[in-house]
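Chemist: What follows is the residue order along each chain.
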Amino acid sequence: MADNIYTKRLDGRKMDELRKMSAEVGVIPNADGSATFSFGSTVAIAAVYGPKPLHPQHLQNPKKGIIRCNYDLLSFSVTERKRPGPSRRSQEISRIIEWALEPVLGLDEFPGTVIDVHLMIIQADASTRCAAINAAAIALAHAGVPMKDLVSSVSIGKLDKQLVVDVSKEEEDYHEGEGATDIAMTFMSNSDKVLALQLDGKITPEGLKEAVKLGRKATKEVHNLQVKVLKEYLEKTGGGD
Amino acid sequence: MNEQIKPVAIPGEIIKTGKEYLPGEWTMRIGDNIIATKYGIIDESGKFLRVIPVSGIYTPRRSDLIVGRITDITFNGWVVDVDAPYSAFLPLAEYPKFISSEELAEYLDIGDLILCQVNKNKRKGVDLTIKGRGLGKLDDGMIIKINPNKVPRVIGKEGSMVSLIKNYTNCEITVGQNGIIWIKGKELKDELSTKKAIEFVVEKSSVNGLTEIMKEYLENGGKK
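Taken in sequence, the protein lines are chains A and B. In terms of the numbering used here, the first sequence is residues 1 to 241. In terms of the numbering used here, the second sequence is residues 1001 to 1224.
Since the hints were derived computationally from the structure, they do not count as laboratory data. Cβ coordinates follow ideal geometry from the N, Cα and C atoms, glycine included. Hints may contain errors.
[Said to hold, decoys possible] Covered stretches of chain B (in silico footprint by chain A; criterion: 3 or more residues with CB under 8 Å from a CB of chain A, positions within the stretch not fixed):
id: 1; region: 1006-1012
id: 2; region: 1034-1041
id: 3; region: 1081-1089
id: 4; region: 1177-1184
[Said to hold, decoys possible] Non-contacting residues of chain B with respect to chain A, defined by C-beta distances greater than 12 Å in every case (computed):
id: 5; residue: Glu1020
id: 6; residue: Ser1063
id: 7; residue: Arg1069
id: 8; residue: Ala1093
id: 9; residue: Glu1102
id: 10; residue: Lys1120
id: 11; residue: Ile1130
id: 12; residue: Leu1135
id: 13; residue: Asp1140
id: 14; residue: Met1142
id: 15; residue: Lys1157
id: 16; residue: Lys1166
id: 17; residue: Glu1187
id: 18; residue: Asp1190
id: 19; residue: Ser1206
Generate the whole structure from the sequences, applying the supplied hints.
Modeler: Structure follows, in structure tokens:
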């Protein structure tokens, strides 16, 4: 894609076009809140339990509740079977998601409690953590957790010199020129504040600024979908399950 | 949800703009805007805005009538699970008669279900009481669990829905604010049909004119 000789991407998308997104609320009746979110063939499912008392007690924070995330790929989500169980990667992403979600949650009202957020990727095609965060935000809202704002996430890629929105697996493995850079970014939906930003690859400071700008624009679309499914769900069911 | 669809609030969404509006429950002011902090329905009374949550777990309020299960016995009372973020405590002094602290288990043992009222809201958890008419240990009947946010729907306006079901099924129904419902009838058959009727209400809770639909449902002997 060097020198912008291409106007389209491998899968025919425009450079700033997201994959087809879909989301659903209330997919797990047993959970206090649940949702799925997908970017193309990347599908994440989120379940929220709590707030509930936290054990062991030494983990409790007497000032506020804590959030505990558990992100993982399911064995069959990737072409080569993923060994089940926590890995270095999944534990890191779990922590990152906790840190990204915590600032928007009003946990002061539940000191000494925990909110468990389980995030499973049932089909992986890059941008899994973004899909997981988007699903988690919907599920947390559905669980009736107090929130200052919704959270939306998107990945911006740099293929050689070209910035693209919502990277797919094919693009992630791009090797020509400068290769592929993948930047997963998470924003507060309404105030546009950055909650998390991870960069995997190489980019210039100017390029990063450009990428963040692009990300802010793309998360608006994500946010619109999140709001839409939440509203539709309430109109359909009158809330709850 | 009765007449028309009420406006929905999403966390972070701007409900109203203007200095004259006052933020109520589950809303807050940022600059000129009033934003929602919970997923629910917007309730507007004059200049006062609040959000009524539609999902999530039960949070106890003072004087709520709830059903709980004894999970532990301490030297001066019982620990009760009420399906809230914290466990509740029933002090010995709130038992209707005097008991010595050695014989707590003889009156209420672990696993027993009680109908109780929230007496005091503490920072962490609540204190309960079973002093009052009808409160105390539940010996027979059956317990079902529904979403606590649907409780107002099951009770109906001034208890209309509950009394309607009571009339048709000849069962006593006590709806706890925490979504746990106690049903007691003469026969198991009656209790089961009551359970079915309540589940039907929960399922249809967003439908308009539910009382009429319910009447029809009950007259048909529980067929939809």
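Chemist: For every hint, state whether the structure bears it out.
Modeler: Hints, one by one, checked against the model:
1. 1006-1012: Result for this restraint: holds, n = 4.
2. 1034-1041: Since 6 is at least three, the answer is holds.
3. 1081-1089: holds (count 3)
4. 1177-1184: violated (count 0)
5. Glu1020: With a cut-off of 12 Å, Glu1020(B) remains clear of chain A, as the shortest Cβ separation is near 22 Å.
6. Ser1063: Fine: 20 Å to the nearest Cβ keeps Ser1063(B) off the interface.
7. Arg1069: 15 Å, holds
8. Ala1093: 24 Å, holds
9. Glu1102: Check passes; 28 Å lies beyond 12 Å.
10. Lys1120: Non-interface label stands for Lys1120(B): nearest chain A Cβ at 17 Å, farther than 12 Å.
11. Ile1130: The assertion about Ile1130(B) holds, with a minimum of 23 Å to chain A.
12. Leu1135: 25 Å, holds
13. Asp1140: 28 Å, holds
14. Met1142: 21 Å, holds
15. Lys1157: The assertion about Lys1157(B) holds, with a minimum of 16 Å to chain A.
16. Lys1166: Answer for Lys1166(B): holds, closest chain A Cβ roughly 23 Å.
17. Glu1187: Per Cβ check, Glu1187(B) is outside 12 Å of chain A; nearest 30 Å; holds.
18. Asp1190: 26 Å, holds
19. Ser1206: 3 Å, violated
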